[in-house]
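A.B. asks: Once you've looked at the hints, dock chain B against the given chain A.
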Amino acid sequence: MRKLMSGNEAVARGAYEAGLVFASAYPGTPSTEILENLATYKDSLYCEWAPNEKVALEAAIGASVAGVRAMAAMKHVGVNVAADPLFTFAYTGVTGGLVLVSADDPGMHSSQNEQDNRNYAEAARVLMLEPSDSQEAKDFMKLGLELSERFNTPVMLHMTTRVCHSKSLVELCDRVEVPAIPYEKNIAKYVTTPANSKVLRVKLEARLRAMEEYANTAAANRIERGAEADASEEKIGVLTSGVSYEYARDTFGETASYLKLGMTFPIPETLIREFAQTVDKLYVIEEMDPYLERHVRMFGIDCVGKPIIPSFGELNADIVRSAVFGTETLHETTELEAVVRPPVLCAGCPHRGFFVALQKIAKKQGLIITGDIGCYTLGSAPPLGMIDTCFCMGGSISSGHGAQVALSRTGQDRKAIAVIGDSTFFHTGIESLIDIVYNKGTCVSVILDNRITGMTGHQENPGTGFTLMGEETIEIDIPALCAAIGMKPENIVTVNPLDLAETEKALREAIEKDEPTVVITRWPCILKKFSAQDKEEFDLSPAVCRVDHAKCKNCKICVQTGCPAIYSGAEATTINEESCTGCTVCKQVCPFDAIEEVRA
Amino acid sequence: MMAFLNNQGTKNILLVGVGGQGTILASKILSEALAEAGYDVKMSEIHGMSQRGGNVSTQIRYGEKVYSPVVGIGEADVIVAFEKMEALRWLEYLKPGGRIVINDFEIPSAPILMGQVEYPQGIIEALSAKADILVFKAADIAVSLGSARVMNIVLLGALVKALGIEGIDWDAAIRSSVKPAFADINAQAFRAGYEQG
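Just so you know, the sequences run in chain order A and B.
Adding 3 to a residue's 1-based position in the first sequence gives its number in the numbering used here.
Adding 6 to a residue's 1-based position in the second sequence gives its number in the numbering used here.
Bear in mind the hints are in silico, worked out from the structure with no lab data behind them.
None of these values were measured; they are calculated from a predicted model.
Virtual Cβ for every residue (Gly too), placed ideally from N, Cα, C.
Heads up, some of the hints might be wrong.
What the hints assert, rightly or not - Computed Cβ-Cβ distance ranges for the label pairs, DEER-style:
#1 A/PRO345 <-> B/SER134: 24 to 30 Å
#2 A/LYS554 <-> B/ALA178: 53 to 59 Å
#3 B/GLU124 <-> A/ASP542: 45 to 51 Å
#4 A/ARG549 <-> B/GLU124: 20 to 26 Å
#5 B/ASP175 <-> A/GLU539: 46 to 52 Å
#6 B/GLY103 <-> A/ASN499: 52 to 58 Å
#7 A/ARG153 <-> B/GLY173: 52 to 58 Å
#8 B/GLU172 <-> A/ARG549: 47 to 53 Å
#9 A/SER47 <-> B/GLY103: 46 to 52 Å
#10 A/ALA546 <-> B/ARG155: 20 to 26 Å
#11 B/GLY44 <-> A/ALA546: 35 to 41 Å
Claimed, not checked - List time: in silico EDC-like cross-link candidates among lysine to aspartate or glutamate, alpha-carbon distance up to 20 Å:
#12 A/LYS6 <-> B/GLU38
#13 B/LYS136 <-> A/GLU331
#14 A/LYS363 <-> A/GLU512
#15 B/LYS90 <-> A/GLU338
#16 B/LYS71 <-> A/GLU174
#17 B/LYS90 <-> A/GLU335
#18 A/LYS363 <-> A/ASP416
#19 A/LYS6 <-> B/ASP46
#20 A/LYS554 <-> A/GLU580
#21 B/LYS71 <-> A/GLU231
#22 A/LYS443 <-> A/GLU518
#23 B/LYS136 <-> A/ASP177
#24 A/LYS443 <-> A/GLU539
#25 B/LYS71 <-> A/GLU257
#26 B/LYS71 <-> A/GLU227
#27 B/LYS34 <-> B/GLU70
#28 B/LYS17 <-> A/GLU335
#29 A/LYS206 <-> A/GLU125
#30 B/LYS17 <-> A/GLU257
#31 A/LYS206 <-> A/GLU216
#32 B/LYS90 <-> A/GLU340
#33 B/LYS34 <-> A/GLU340
#34 B/LYS143 <-> A/GLU581
#35 A/LYS6 <-> B/GLU124
#36 A/LYS6 <-> B/ASP83
#37 A/LYS531 <-> A/GLU493
#38 A/LYS531 <-> A/GLU474
#39 A/LYS6 <-> B/ASP175
#40 A/LYS508 <-> A/GLU493
Same shape as in the complex, but just chain A (with noise of 0.2 Å):
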């Protein structure tokens, strides 16, 4: 049976069939995905979203050391956080196979930043299967758990937005069960003092040997000879991987060879030579960095590659056409031009109430506000402007805790706001709250907590009481672990974010204190499916905001909160009720009484 499939949905399927028992992720586009398919074949195996990616793999890891096939699943930047079991866990090796998946976003449709993963696979020496399409997605995530058995490592699986989000046709095969491997302790393998590690490094060479040879006769790795390759004057070679296959094919056509590479650590250096032998020019169409190239270049063979090819941003096959052949596509064009349609916070959105407050403090008082990664990023745009920084999961507090320390230092007037949601702070932000109490800081931290794990399309987290296969679970109290960690009960305070008066006055106490203080606003995500418990807890009753344009002076205050539901037109502003959500933001920033709540 052949199903349209993600390459997300496939990997899972690919996983599902070889007889995975065990996975952990954390959510983080374009990798989500994977574990949310995975938890539709629940009843065959076990999946979870981990607090954070070092600890996906870690209990993947874990997994593979008791004897059964493993994955954990993460976006490229999850890989960082995730490196240090990575390298060691390499020395190791496995007992049961296990595939880190790598999802990398060149591009930056939904990233901080653009990192080519396929550096990770070599650095750490792990074997490295790049699949183009949905159905080698599934071919290599088996392939992957076999090859980490068969030599003792653990396996990356390279993906990309483009392989994630794509979809095409995928084979469906059954699952068929794998048997645990039974334990037996074996500390010289698994016990990495250094003693045993100068063994295991000398192991791991002898292994990248051996997975090299493979490597060059591996099945992933073929020659595709064009129709018309050896009719043309000048024989055309192209070396290629993943998506960029894709693209090269439809570039050149029949008219060139292809060396496509499925296998990409160890390079098959053998393959790529006869390859090369047998071609004038050779071509290296690839995504990011100069991956192949650098190796191709090593072996001391000419090529054409970066930076005809662009060397960051996504390709498709305008792109490497036009870098190719330097021809430009016929296109249409007109002078008139669409206005920009930047991502907002949602109308109704909790943490526009917490930003509306902050502002009125900002206005009167140096702040720098530290960000995080979550939909309140896009708190840092007009009209709300209150976002600094934004660098990685978990950042926010730390980096406001130095940047306080410094202000503090060098008698600057300012305070340091920390700013992250509820999913960031289980992912990393805990770490950095202890490093505030514990160095006596006095930068403000703020929780946003919306209920659920927003930006990246709702997944449960360890304060929402669910777990990714929907079982009722313990649920992690903010505000008690806060004050386990040391922090004064009159430093920890709640608020509903949508009540600008109360958020306000809480911000105020704790900028105020020369002590480690948080502010925790407590308000679910507007989009989000709301649980019994939220529907118990908060007043989510219907209910829209209507303007009285007799007392309406069309002041533009309301507008200014970057609310989508609200149209500032020329002569009058209007709310949107079929967008409007009734969360009285703009009711209670109204100077003139003129917005009205109507509940139904």
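C.D. replies: Just chain B now, with coordinates in the frame of chain A:
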């Protein structure tokens, strides 16, 4: 200009709109029906921040053998714009001589809502000078059928007509993709859109 070798048999479609307009469901029905009919199909969509008011695009390529999942500039045979300004934004992706199906429906973006700029005037006139366009109010048709939510299926009907694909049981394809309670209204929406094309 050098002629490029763009898989001549492959058809390229773009569905563009604003998060929440149902472009993904329409794309799913279309691509699954094409696959069922024996075509090689690739569909690409960008997830991420689109739920928060950004523009969304789905790209579908089908033919005997499809490589790239992405439609490039000047390559789309048909563009379906679920929102008027999005037709303007994606014009450069249209193949010269290609067709744009435009839903005469405006969703102002943040800078327009804030009163910083005006919604562009004269979009239809500008586009009609450059492309073969079909403009109609899919939202009104959907509402007249009983639900604004089936606007996406009205547009799917118009798209299928524009593509001129034969031999697919669209009624069955639509009915199998939506909940039974909504099968009739979606099937009607498809037919209404097809008649516009």
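A.B. asks: Going through the earlier hints one by one, which of them does the structure break, listed in rising order?
C.D. replies: Of the numbered hints given earlier, those the structure breaks are 3, 7, 11, 23, 24, 33, 35, 36, 37, listed in rising order.
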